[in-house]
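Student: Read top to bottom, the protein sequences are chains A and B. So that you can map any letter, position 447 of the first sequence is 446 in numbering that gives the first Met the number 0, and since no number is skipped, the others follow by simple counting. So that you can map any letter, position 156 of the second sequence is 155 in numbering that gives the first Met the number 0, and since no number is skipped, the others follow by simple counting.
For the record, the hints were derived by calculation from the structure and aren't laboratory data. Think of the CB as a built atom: it goes at the ideal place given N, C-alpha and C, for glycine as much as any other residue. Check each hint, because a few of them may be wrong.
[Unchecked claim] Some, not all, of what chain A presents toward chain B, calculated at C-beta under 7 Å:
no.	residue
1	H142
2	G160
3	P162
4	A164
5	N183
6	E184
7	I185
8	V187
9	V190
10	F200
11	G244
12	S307
[Stated by the list, open to error] Derived DSBU-like pairs: lysine-lysine, alpha-carbon spacing no greater than 30 Å straight-line:
no.	chain 1	residue 1	chain 2	residue 2
13	A	K420	A	K362
14	B	K33	A	K362
15	B	K6	A	K362
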Amino acid sequence: MTATRTAVKEDGFMVIDRLTASLQSLGTPEFGNEKAQAGAVGPALLCPVIPEDWGVAAEAAAAQGCRWAAGWGEARGESWVVNALLEKSGDYLLLRTVLPPGRTGLPSHTPHFPGAARPERHTRDLLGLKFTGHPDDRRWVRHQAWGEREFPLRPDFPLSGQPPAVTAPDRSYGFASAHGPEVNEIPVGPVHAGIIEPGHFRFLALGETVLNLEERLGYVHKGIEKLAEGRDPEGLARLAGRVSGDTTVGHAWAACQAMECAAGVAPPERALWLRAIFIERERVANHLNDIGAICNDTAFAFGHYQFSRLRELWLRDNLRWFGHRLLMDRIVPGGVAVDLPAEATSAMPGAMAALRSELEELKPILDESTIFQDRVVGAGVLPERIVRELGCLGYVARACGIGRDVRERAPHAPYDRLGVKAVTRSDGDVAARLYVRYEELFASLDIIDQCLQRIEPGPLRTAWRTPPANAEGLGLVEGWRGEIATHVRFDGSGSIVRFFPRDPSVFNWPALEKLILGNIVPDFPLCNKSVNGSYSGHDL
Amino acid sequence: MNKLLGKIARVGIVTETFKPLTDPELDRLGTELKAVIDGRFAGSLAIRQVDAGSCNACELEIAALGNPFYDIERYGVHFVASPRHADVLMVTGPVSRHMQAALQATWEATPEPKWVVAVGSCAADGGEFGVNYASCGAVGNVLPVDAVIPGCPPTPTDLVRGLLSLISR
């Protein structure tokens, strides 16, 4: 390894042998030394390579068994910085290249990491970067609100854009089609028949059996990345809290963690314990909601009634103790905005014990309901191989036996003191995803109990410090859907120049296209709910 | 089955009257709403909810109206699957430009007479997102709006109150 350690080109870029050594250090004790030598962005080892090596680098990373965890570009003056976050055994590596002015092409990572397909299309649509060798040249997040040759994330593109008075529907997208009198094509959405987010699903069905499903997302693209430019840290935390409203705590924490990493600001201990309480409360609320909703989708009205009741009680406690049912804007740069009231310290353990006891009472009722079990067991099976190929996250991965959980594998404070163990199952069906979440309810209640026991009096916020120009940070948080990865970069005046939040849904949505195959169309709502991707968090 | 029946018996019906929540006016409005719905809508007010670009927080709270604590159906309010069955469009989000045509088509598919309720801060005035290359901002920039229920997100109680005031006037 020492032979390659000096093998850095004069311009500061790594040669592939050197990169391979860094990749091999992931998950080994050598990783810390590598970070000290090569440099780091937050928890990730920084590995700059020349553009020509971008594809080879991905090939080397795939050969080492890395997961492709995020990809995004940044316009910096006339140049572009392109990033790919890789992970193995809880260690992260940030692969980076810089495209000189005038150069717009880069080898695609998709041939080595299928999960990179949509993120690369997202970058292509917003920045105009071309990924050579990408198997899919169709637009993704772009519909008809801006032109094929306009790129919102370029500096010369104004936030207001030049949209038409009425944006036309995106009719010409080339969906996969099938020929033959037996095959039905079923378009669904973007407006869905329920109180849910918009998106389009195109089914090809043979009788009732799903032959193919193609998702078309991007309907709720709101320009979040562009809107973030020029925001102050407080403003960015507010925006991050609205990337996906059901994950307001998770995204706000990831964004604040990234900003704090850039600015060298350490939140006080009490704030860290409170953040963990908030994110676990968010996990519990969403798990209760979805378990109830899955019961509803199987017409098991009793379950829907019970779990939606438990969720409502939980949200009312959030409002009573922390001032907001969904805990929006409770996490702020440098700490938290609200304290733990004395009333919560005394009442929360009792409320959690009551919930635990109801969950213990309800579980055998679900287990013994034959109509319920008949619908969830064996429905929507996701093969483990697909999880690895796509880089699926959270309960979608854990239900296939892959224990990806930031809290266990790359624990940040205060999880480094909590000893969280990822809950896994192996069947990969709707039931496995449901029961992983059921067990996570108990685990989250235990975590909150520990937080309450260990939290000490102290300040809630550390004073903000303006980071130097170009300071960047990375936030990695286990939201209720899985790993959230957020990158931020500051300008010289303390404002944001780049914000990229990667919701776990990015890698779970494509899994839905796979796990539905061979199931019947009427089971789609059930399968979809068992994954429950965020549209807003995906579309940005 | 015994466990299930036992749980049903022990939990009982938890549906609340709105009186004890916060606002004594709410109970009055609830009764009034029922009267208005009975009188003007033959006992049934149908709402089609459209997420036109929301972050999904508003959807969570609108969906909560169906939980056993609020049980808004008891007033004759139903969330329907098709705009053709709807009296009211309940629209959330800043209207994303990619949803503009779909929202307008939904509005056109809704039979007259119809009302549009803009729900949430983004629907009210654009919220955190405002007007930009991807967002039309407030629902009022795209459709004629009859009532606004602000809040980020509005609580279920806010939603009931807003709906009652729309329908009672």
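Student: If a hint holds in the structure, say so; if it does not, say that too.
Tutor: Here is how each hint holds up against the structure:
1. H142: holds, 4 Å
2. G160: For G160 of chain A, the interface hint holds, since the closest Cβ of chain B sits about 3 Å away, which is under 7 Å.
3. P162: Check passed: Cβ of P162 of chain A comes within 6 Å of chain B, closer than 7 Å.
4. A164: violated, 10 Å
5. N183: violated, 20 Å
6. E184: Since chain B brings no Cβ nearer than about 19 Å to E184 of chain A, farther than 7 Å, the hint is violated.
7. I185: Check failed: Cβ of I185 of chain A comes no nearer than 15 Å to chain B, outside 7 Å.
8. V187: Where the cut-off is 7 Å and the nearest Cβ of chain B is about 12 Å from V187 of chain A, the hint is violated.
9. V190: Since chain B brings a Cβ to about 5 Å from V190 of chain A, closer than 7 Å, the hint holds.
10. F200: violated, 14 Å
11. G244: holds, 3 Å
12. S307: holds, 4 Å
13. A:K420 <-> A:K362: holds, 21 Å
14. B:K33 <-> A:K362: violated, 38 Å
15. B:K6 <-> A:K362: holds, 12 Å
In summary, the structure is inconsistent with hints 4, 5, 6, 7, 8, 10, 14 from the numbered list given earlier, while agreeing with the others.
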